[in-house]
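S.K.: Dock chains B and W against the given chain Y, drawing on the hints supplied.
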Amino acid sequence: MTLSIWGVSVLLFLAGLAMVVLRRQLLAMLLGLELMINSVNIALVYTGSLWADAEALSAALLILAIAAAEVVVGLSLILKLNGAGAPVDSSGLSELKG
Amino acid sequence: MTLGWLSLAWMLPALFGAAAMMAGARARGVALWGSGLTLSLWFVLGWTYGLEGVESLSESGPVLAWGIRYALFTDGLSWSLCGLTAFLTLLSLLSSWRLRVSAAYWACFLWLEAALMGVFLARDLFLFYVFWEATLIPMFFIIGLWGSENRRHAAMKFFLFTFFGSLFLLLGLLGLVSENHRMTGGWNWDMAALTGPDGGMGLAIFLALILGFGVKVPIVPFHAWLPDAHTEAPAAGSVMLAGVMLKMGVYGILRVAIPAFPKLAWDLLPWLGLLAAVNVIYGAICAMAQSDLKRLVAYSSVSHLGFCLLGVFSRTPEGLTGGSLQLINHGLSTGALFLLVGFLYERAHRRGLADFGDLASRAPWMTLFFSIAIFSSIGLPGLNGFVGEFMSLAGMTRVFAGLAVAGVLGVALSAAYALPAYQAVFWREPGPGSVSAQVGDLDGREKAILWALTVLMFAIGLYPKPWLEMIWSAMQGLQL
Amino acid sequence: MNLVPWSLWLLIASPVCAILAVFFFVRPRKPQWSHWPILGSCALVCLAATDLTSRVYAGMVLDVPVAIWMLGGDWYLPFGFRVDGLGTAVLLMVAWVGALIQVYASGYMKHDPGFSRFVLLFHLFYLAMIGLLVSNNFVQLYLFWELVGVCSYFLIGFWYQKESARRAALQAFLANRVGDFGLMLAVLLLMAMTHGNTSFSSVFRLLPAAPTEMVTLAAFLVFWAATAKSAQFPLYFWLPDAMEGPTPVSALMHAATMVTAGIFLLVRAWPLISSIELLPQLIGWVGAATAIGAGLVACAKTDLKRVLAYSTVSHLGIMAFALGFGETAPAVFHLLTHGFFKAVLFLCVGNIAHALGKASVGVDETGGLAAKMPLTFGCFTAAALSLAGLWPFAGFYSKDSILDAAFHQGGLQAAAGVAIAFLSSFYIFRMLFLSFLGPRREQRGPGHAHEGEPVLGIPVFFLSLGAVGAGWLSGPLSRLLASGWMLRTGMSPVPDWTWNGLFASQACALAGVGAAYFLTTLRPQWDWDWRRRFPRVERLLESDFGWKPTVAAFSALVVEAAGMFSRGWDTRLWDGLVESTADWAKRGGERAASLATGQLNDYLWWMLAGTTGLLYLVLR
Chain Y
1 MTLSIWGVSV LLFLAGLAMV VLRRQLLAML LGLELMINSV NIALVYTGSL
51 WADAEALSAA LLILAIAAAE VVVGLSLILK LNGAGAPVDS SGLSELKG
Chain B
99 MTLGWLSLAW MLPALFGAAA MMAGARARGV ALWGSGLTLS LWFVLGWTYG
149 LEGVESLSES GPVLAWGIRY ALFTDGLSWS LCGLTAFLTL LSLLSSWRLR
199 VSAAYWACFL WLEAALMGVF LARDLFLFYV FWEATLIPMF FIIGLWGSEN
249 RRHAAMKFFL FTFFGSLFLL LGLLGLVSEN HRMTGGWNWD MAALTGPDGG
299 MGLAIFLALI LGFGVKVPIV PFHAWLPDAH TEAPAAGSVM LAGVMLKMGV
349 YGILRVAIPA FPKLAWDLLP WLGLLAAVNV IYGAICAMAQ SDLKRLVAYS
399 SVSHLGFCLL GVFSRTPEGL TGGSLQLINH GLSTGALFLL VGFLYERAHR
449 RGLADFGDLA SRAPWMTLFF SIAIFSSIGL PGLNGFVGEF MSLAGMTRVF
499 AGLAVAGVLG VALSAAYALP AYQAVFWREP GPGSVSAQVG DLDGREKAIL
549 WALTVLMFAI GLYPKPWLEM IWSAMQGLQL
Chain W
579 MNLVPWSLWL LIASPVCAIL AVFFFVRPRK PQWSHWPILG SCALVCLAAT
629 DLTSRVYAGM VLDVPVAIWM LGGDWYLPFG FRVDGLGTAV LLMVAWVGAL
679 IQVYASGYMK HDPGFSRFVL LFHLFYLAMI GLLVSNNFVQ LYLFWELVGV
729 CSYFLIGFWY QKESARRAAL QAFLANRVGD FGLMLAVLLL MAMTHGNTSF
779 SSVFRLLPAA PTEMVTLAAF LVFWAATAKS AQFPLYFWLP DAMEGPTPVS
829 ALMHAATMVT AGIFLLVRAW PLISSIELLP QLIGWVGAAT AIGAGLVACA
879 KTDLKRVLAY STVSHLGIMA FALGFGETAP AVFHLLTHGF FKAVLFLCVG
929 NIAHALGKAS VGVDETGGLA AKMPLTFGCF TAAALSLAGL WPFAGFYSKD
979 SILDAAFHQG GLQAAAGVAI AFLSSFYIFR MLFLSFLGPR REQRGPGHAH
1029 EGEPVLGIPV FFLSLGAVGA GWLSGPLSRL LASGWMLRTG MSPVPDWTWN
1079 GLFASQACAL AGVGAAYFLT TLRPQWDWDW RRRFPRVERL LESDFGWKPT
1129 VAAFSALVVE AAGMFSRGWD TRLWDGLVES TADWAKRGGE RAASLATGQL
1179 NDYLWWMLAG TTGLLYLVLR
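Chains as they are written, first to last, in the working numbering: chain Y, 1 to 98; chain B, 99 to 578; chain W, 579 to 1198.
Chain Y with its partners taken away, still in its complex shape:
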């Protein structure tokens, strides 16, 4: 049981990570981020419930809230970029180039 849930969590995390670093499309990268956060959340909920730890479970709730906030910020940034006619592809966004 433990192994399978942790396995799922790790798999989801790696999938999210791969989406973030390999994909160039901003929406996909945002999705990847969400995936990573939630995979961690799964592990947290499971591990917290093993010890019936209220603090861990409330931390999971906090993470959910943060993930939601992050989606709001991320999506609004993407929308803004889209509205300005800029590509929603990360390879086009190279203003930080040194």
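Just so you know, the hints here were simulated from the structure itself, not pulled from any lab data.
Given the structure is predicted, the values throughout are model-derived calculations rather than measurements.
Note that the Cβ used here is the ideal one computed from N, Cα and C, for glycine as well.
Take these hints with a grain of salt, some might be off.
Anything over 10 Å on all C-beta distances counts as not near chain B; from chain W, calculated [what the hints assert, rightly or not]:
1. Gly940
2. Gly1053
3. Gly1092
4. Asp1107
To be clear about the criterion: a stretch of chain B counts as covered by chain W if any three or more of its residues have a C-beta under 8 Å from a C-beta of chain W, and this derived list gives those stretches [what the hints assert, rightly or not]:
5. 288 to 295
6. 524 to 535
M.R.: Frame of chain Y, contents of chains B and W only:
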């Protein structure tokens, strides 16, 4: 915390600096008042308390954190350097009286004075370091805003280079204090009570301190900032830079580095003395090759500070007092030279040796003062320079005669760089591109400034006893 | 303190007061009156010097510290006076000769625009020499020694508009500085060896306990210093060029003030010098070489002042030659008589120059002056006879005592003595005949030359009395010198002349006179002929046997090397390195900036790597 007279000595110029900043068109008057009052304060305090009494003026506030406290003290050495600071600030301000500059110029000089006073009066090492760094800021602006053509570059170089040195100083001070903490269990920043550790750590701290102070002196090879900064600074800025700021380095060595590591300084004497001897010769040789009058004087400073170091490192009574007196002497004679070059520059906007000629018949007063200043600078007995040089060398001869040879060679070489330049400017017939025709003689204000310096040069040269006694009393307290 | 007689205070105070008074009060208002306070001070100095001498003659010797100059802890340096036989003997000559030259100078320079400056510097020069003679310690001596150098610098360069004057002044000061290097180092070494003592008496007393090598080094350094000030080989070369100053300066410098200082120092430090083996001999040989070499060069010079200058170098060589035999008294004696006759010779040349309206005179511009300027001719002849060492003039007595010692040594020394005696009488009489007899075909002749004002004649006349008669005082001088002499063995008196010595020296001198007469008057064209026929010889003599070009090349080399060091190392390499740190930082930044591609995913890769590294570190 009650503030005493010593606090006033640095706060007075600081406050007047702020007032000058806000005074707009009347800034120079405010600044003159400020520096005049500071000099009077110095004089009155010294007069009323006397030499021993001045030492009783020390102040010590409560501990703020980690043993750091606001603590000031003074003795013959720092008191005479404070006097030099106040005196040269007043003369610098007077010398730039006619300049059309903003209020910030006058404020910067007063802030510089305040910071320098703080350096010489601080007892707490943290406070010392704060003042030490604070001197950089007004000087950076003085060079960078009111200097000549290449001022920005020179200001940046000056700041970065000396800041680089200051970092080593900070490292050394922190090392000193934390090692002391490790040994005694208490935090102590009192520069008079700290002793450094032995062994490799001690050596590292000592070298960091010497490097930190040495950049300011400047000890060759850390002198690269000096010629540019001196050359590009306005005349009054060069006076403060050479006259007082270079002295901070030697003061620090005397006050912090050697008392904390007396044995190490003794063991390293040949090497430290070698550095000093190299300074003397190196400065003189480079000065011989200069074609810019100000640059020449700047390199001669390198040479002269070498004499101070020779005396200080010898750690004999005559070497220590002579080396310290040489700090003041160099302030006076080099100050006079920079002022004169500044007056030349004000009139003709040139400083090259080739730009002038035959000034002896056009500007006899200028010639007279320049002759006295340059002969004081090359160590003519009877003028102040000789007393300091000779005592420093006498001290070094007693402990390490071989290095004194280099010093004496430097005395001989000094004539070889000073006199050709003197002749080129004052005696030689003007060349085709000469601007001598624009140079008129000194006016009353300028003459008064130079008379003040010249009288002191003669006074110290012929009767240095009071000064030497004052410095010696300080040296006894330092446990060198 | 009350031991110090009033005359000693007067000796120092009156020139100081006169100089201050002239500078602050007379010069701003009436610069043309500058000489009056100065001449008054000269009179007081002469009075004081005479009084002191008579006291010392009566047996007083004074060695007192009067004030503290420098101090640091238990180390201190006093100001002090030492009045003894040696000091006063020279002092008396310096005071009187110097005073007369100043009288002369106040007439000679009256119309110069820098008259007031000249008078001030001239008196300071005089004061410096007087101070040097009454110093009781090495550092104070060094003070006045340097002051003499500085005054000479400004006086030689007095006419700074002339290029040659500027160069000569610089050369004089730098050559003297090279010598001062020796003196300062010697003083420092002596101080270090004697626990901070500087006064002559205590230093010489403590020397036997000091390490021998250091004492030897110090003694050699003292001699090195003397070679500069007293114009001995290898540092003599500044003196002939120092002619560029006004003639009274040359007179004062050559006769009384400057060049005598080196010989004085050697005699003053004789307890030190004589304790070193072979050093006196070395001094003697250097002196002989200088005397002969400069004598030969003097024979070929055409500028009158230059002949006299080389003759001074030669005569200083004679004094050093005497010191080589340990004959201190004759050396001092010759110093004194030389002061008188050399002053006369210079002032006579000054008179000729003044009459011809020039600053310096060559042989070609003179000839046949005897009839037009009889007083000058007479004084010059008396001084020339004295210089050549002919009986009964002053130079005979002093030079004879030296030659006598040389003949006693025999061998090379005797030969050197003969050569010196012959050469000095030859060059001075060559000059005398060439300028006063004639004129010859190549010369311009006397023209409208005439004697100058009385102020230019009277001092010369009085000085030539000294040049004639100073030699008769050898007995009193010996007694004077013996008082306060610091060697326990005492100073041997000036020897009486002997018949053998008389014949030998007179024969040499007369041969010189005869040769000069033959080559200038009986063969009047010879002086111009040989230059045409032997140009190489002339070039050799003009270049001082190649030494002058060597010195010039050496100093050019030093300047060049300093320039190369400063430009190549300090500016280009080291400062360049420092300056380039900004470039290095910039280039490094650019290199590092290329890592920032602007691609979000690249940053994420970096982030991933960083997080992994951190995780590894934490979990390890």
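S.K.: A cut-off of 10 Å on Cβ-Cβ distance, and Asp1107 (chain W) was said to be off the interface with chain B. Does that hold?
M.R.: The assertion about Asp1107 (chain W) holds, with a minimum of 39 Å to chain B.
S.K.: In terms of Cβ atoms, is chain B entirely out of 10 Å range of Gly1053 (chain W)?
M.R.: holds, 38 Å
S.K.: How does the coverage statement for the region 288 to 295 of chain B fare against chain W, requiring three or more residues with Cβ below 8 Å from a Cβ of that chain?
M.R.: Our answer is that it is violated, as 0 residues pass the Cβ test (under 8 Å) against chain W, missing three.
S.K.: Can you tell me if the region 524 to 535 of chain B counts as covered by chain W, using C-beta to C-beta distances under 8 Å and a minimum of three residues?
M.R.: Our answer is that it holds, as 4 residues pass the Cβ test (under 8 Å) against chain W, meeting three.
S.K.: Measuring Cβ to Cβ, find out whether Gly1092 (chain W) lies farther than 10 Å from everything in chain B.
M.R.: holds, 46 Å
S.K.: Take a quick look at Gly940 (chain W) and tell me if its Cβ sits farther than 10 Å from every Cβ on chain B, holds or violated.
M.R.: For Gly940 (chain W), whose nearest Cβ neighbour in chain B is about 24 Å away, the distance exceeds 10 Å, so it holds.
Checked against the numbered hints above, the structure violates only hint 5.
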